[in-house]
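Got chain A; can you put chain B on it based on the hints?
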Amino acid sequence: MLDYIKEPFVAIQEFYLLTGRALRNVAARPHYSDDVIAQMDLIGVGSLPIVILTGLFAGAVMALQMSRALAQYGQQDQTGTLVSISLVRELGPVLTALMMAGRNSSGIASELGSMKVTEQIDAMRALGTDPIQKLVTPRMLATAFMLPLLTILADFIGMFGGWFVSRFFLDLPSQQYWSTVWRALEWNDITQGLLKPFVFAFIISLVGCYYGLRASGGTQGVGRATTQSMVAASVLILIIDFFLGKIFVGQGGS
Amino acid sequence: MAADTQTPVLRFDRVSVSFDDTPALADVSFQACEGESRVIMGATGSGKTVLLKTALGLQRPDSGTVYVFGRDISRMQERELFEIRSKMGMLFQESALFDSLNIEDNVSYPLLNQLSIHCPPEEVLPRVEEALKFVELDGILEKFPSELSGGMRRRAAIARAVVTQPPLLLYDSPTAGLDPITAHTIVALIVKERDLNKTTTLIVTYRYQDGNLVANFRYNPENGGLEPAAKGGEAAPRTLFMVLREGRLIFEGPQSELEESQDPYISKFVKRRG
Chain A
1 MLDYIKEPFV AIQEFYLLTG RALRNVAARP HYSDDVIAQM DLIGVGSLPI VILTGLFAGA
61 VMALQMSRAL AQYGQQDQTG TLVSISLVRE LGPVLTALMM AGRNSSGIAS ELGSMKVTEQ
121 IDAMRALGTD PIQKLVTPRM LATAFMLPLL TILADFIGMF GGWFVSRFFL DLPSQQYWST
181 VWRALEWNDI TQGLLKPFVF AFIISLVGCY YGLRASGGTQ GVGRATTQSM VAASVLILII
241 DFFLGKIFVG QGGS
Chain B
255 MAADTQTPVL RFDRVSVSFD DTPALADVSF QACEGESRVI MGATGSGKTV LLKTALGLQR
315 PDSGTVYVFG RDISRMQERE LFEIRSKMGM LFQESALFDS LNIEDNVSYP LLNQLSIHCP
375 PEEVLPRVEE ALKFVELDGI LEKFPSELSG GMRRRAAIAR AVVTQPPLLL YDSPTAGLDP
435 ITAHTIVALI VKERDLNKTT TLIVTYRYQD GNLVANFRYN PENGGLEPAA KGGEAAPRTL
495 FMVLREGRLI FEGPQSELEE SQDPYISKFV KRRG
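Line by line, the protein sequences are chains A and B. Our numbering applies: residue 1 is where the first sequence begins, and numbers increase by one. Our numbering applies: residue 255 is where the second sequence begins, and numbers increase by one.
Quick caveat, the hints were computed from the structure, so don't treat them as lab data. Model, not experiment: these values are computed from the prediction. Note that the Cβ used here is the ideal one computed from N, Cα and C, for glycine as well. Honestly, I wouldn't trust all of these hints.
No more than 30 Å apart at the CA atoms, straight line, and that leaves these computed lysine-lysine pairs for BS3-like [to be verified]:
(1) B:Lys341 - B:Lys452
(2) B:Lys387 - B:Lys397
(3) A:Lys134 - B:Lys522
(4) A:Lys134 - B:Lys452
(5) B:Lys341 - B:Lys397
FRET-style restraints, in silico, Cβ to Cβ [what the hints assert, rightly or not]:
(6) A:Gly20 - B:Gly479: 17 to 27 Å
(7) A:Val10 - B:Ser317: 15 to 25 Å
(8) B:Arg314 - A:Pro8: 21 to 31 Å
(9) B:Asp274 - A:Val61: 46 to 56 Å
(10) B:Ala430 - A:Leu48: 53 to 63 Å
(11) B:Pro375 - A:Gly217: 37 to 47 Å
(12) A:Ile239 - B:Asp316: 35 to 45 Å
(13) B:Gly431 - A:Val10: 27 to 37 Å
With the rest of the complex left out, here is chain A:
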């Protein structure tokens, strides 16, 4: 019974320790800049297709659904406003982060998990390298740099998706759509839209690394770590999204 209560607290403690060590290593030598760049390519550039598709259809479906609600008030010409705000504040950061959790958090967990069960992590330590510094910190930095950029891209592509629906399905003039899109945004929205992916990046990378590094029990253990990391990262993203949203809404942003 006590073990069931103890387990989540131990997990949280270990996660905090990993986070602390990964952050401390950002300033410590040696710096593995080649690994950071390789991870940026893998995590960032490699995620482009999935982010573009997600953004495009999220924007398109928002325009489609919102126009239905707005039509009830005769405000269909404000579709751009709703698409813009919901994309920049919520859908862009959250959907991109969830896609990245599915692709990268699980990818990191399976890669590090395989290394763990085949003793490559031990070999790394035996050969004079700190696995946190060599494996965790580069993945954390690469995700923290790439996720906000991918979110900006997803936002723009989403707006384009919204435009496509507004123009060809709702018969709204393009100029009106784009003008409502730009006018709707305030600094509060932009700040929120960029801060969220930055925070989510730490969740995606560190949760993946955490589950990967604690994998045990052969290939079955790696599979378990992969699934757990994706589920944990996705749930944490949604929970933290709520609290970040609450802070920004509480600040009086429209």
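For chain B alone, kept in the frame of chain A given last:
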């Protein structure tokens, strides 16, 4: 015995390690002196691998003290351990070569990453080639571990362990899962490394013939093969056998004592010589 007066390279003093309340090592004490060979035997789960990992500082003891080259490593921080580990080479059970790196990068890894090994960049490749030549592997620098056979991977991993020429070498089940011919080649390489570089060697194995080769054969540089140590010339370095059972060290001594033991557990590992 003369060897007892030598400097202990590795010393375990009442070391215990446990995982989730299950003891993996229980009150283990021994000391391995310079130039000595130790053959560690025991059933699966008896604590052989944990013993090597504890010696390397990869596993922290719950109680007791581990001394490597006279320094207590039991309470050392990870970064302090790097310096000690640069004097130790380890062959992991499944080779543990880095999948994402080719053989050249794998073997050069300790030269480039161990802070206390100051290897000039222009010497890295020649040393890698030398280490691969030592294990009789040529022309595979560009290959990835997945492209090699089990025996070749094991040899490449030995090359990675010896490339820095560490004075203490730990081999975890070097012949596990290999056919008898390849297994013999691997043990011959271990004996060659031990005799040419005068290293202190710990070998974990469940094959008695591996221990027998280490204890009774030596490397002949003239014909590049092994020969019985009894055939005149230099004797084989002192070899002691250790047997672990459920984390406890139940036997420590020379081969003759091991073979005379009446303990049924120990007898299972021993194939008596005629």
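Status of the hints after comparison with the structure:
Restraint check for lysine 341 of chain B and lysine 452 of chain B: satisfied, since their Cα atoms lie roughly 14 Å apart, inside the 30 Å limit. Only pairs whose Cα atoms come within 30 Å are accepted, and lysine 387 of chain B paired with lysine 397 of chain B is accepted, the gap being roughly 15 Å. Between lysine 134 of chain A and lysine 522 of chain B the CA atoms are separated by roughly 44 Å; this puts the pair beyond 30 Å, and the hint is violated. Proposed proximity of lysine 134 of chain A and lysine 452 of chain B is contradicted: the alpha carbons are some 33 Å apart, above 30 Å.
Between lysine 341 of chain B and lysine 397 of chain B the alpha-carbon distance is near 27 Å, which keeps this suggested pair within the 30 Å criterion. A hinted range of 17 to 27 Å for the beta carbons of glycine 20 of chain A and glycine 479 of chain B is inconsistent with their spacing of about 54 Å. Range check, valine 10 of chain A to serine 317 of chain B: about 21 Å between beta-carbon atoms, so the 15 to 25 Å window is met. For arginine 314 of chain B paired with proline 8 of chain A, a C-beta distance near 24 Å keeps the hint of 21 to 31 Å intact.
The hint said 46 to 56 Å for the Cβ distance between aspartate 274 of chain B and valine 61 of chain A, and at roughly 49 Å that hint holds. For the pair alanine 430 of chain B and leucine 48 of chain A, the beta carbons lie near 44 Å from each other, so the given range of 53 to 63 Å is not met. For proline 375 of chain B and glycine 217 of chain A, the Cβ-Cβ distance of about 41 Å falls inside the hinted range of 37 to 47 Å, so the restraint holds. Checking the proposed 35 to 45 Å range against isoleucine 239 of chain A and aspartate 316 of chain B shows it holds: the Cβ atoms sit about 36 Å from each other.
The hinted window of 27 to 37 Å between glycine 431 of chain B and valine 10 of chain A holds, with their beta carbons roughly 35 Å apart.
Checked against the numbered hints given earlier, this structure breaks hints 3, 4, 6 and 10; the rest are met.
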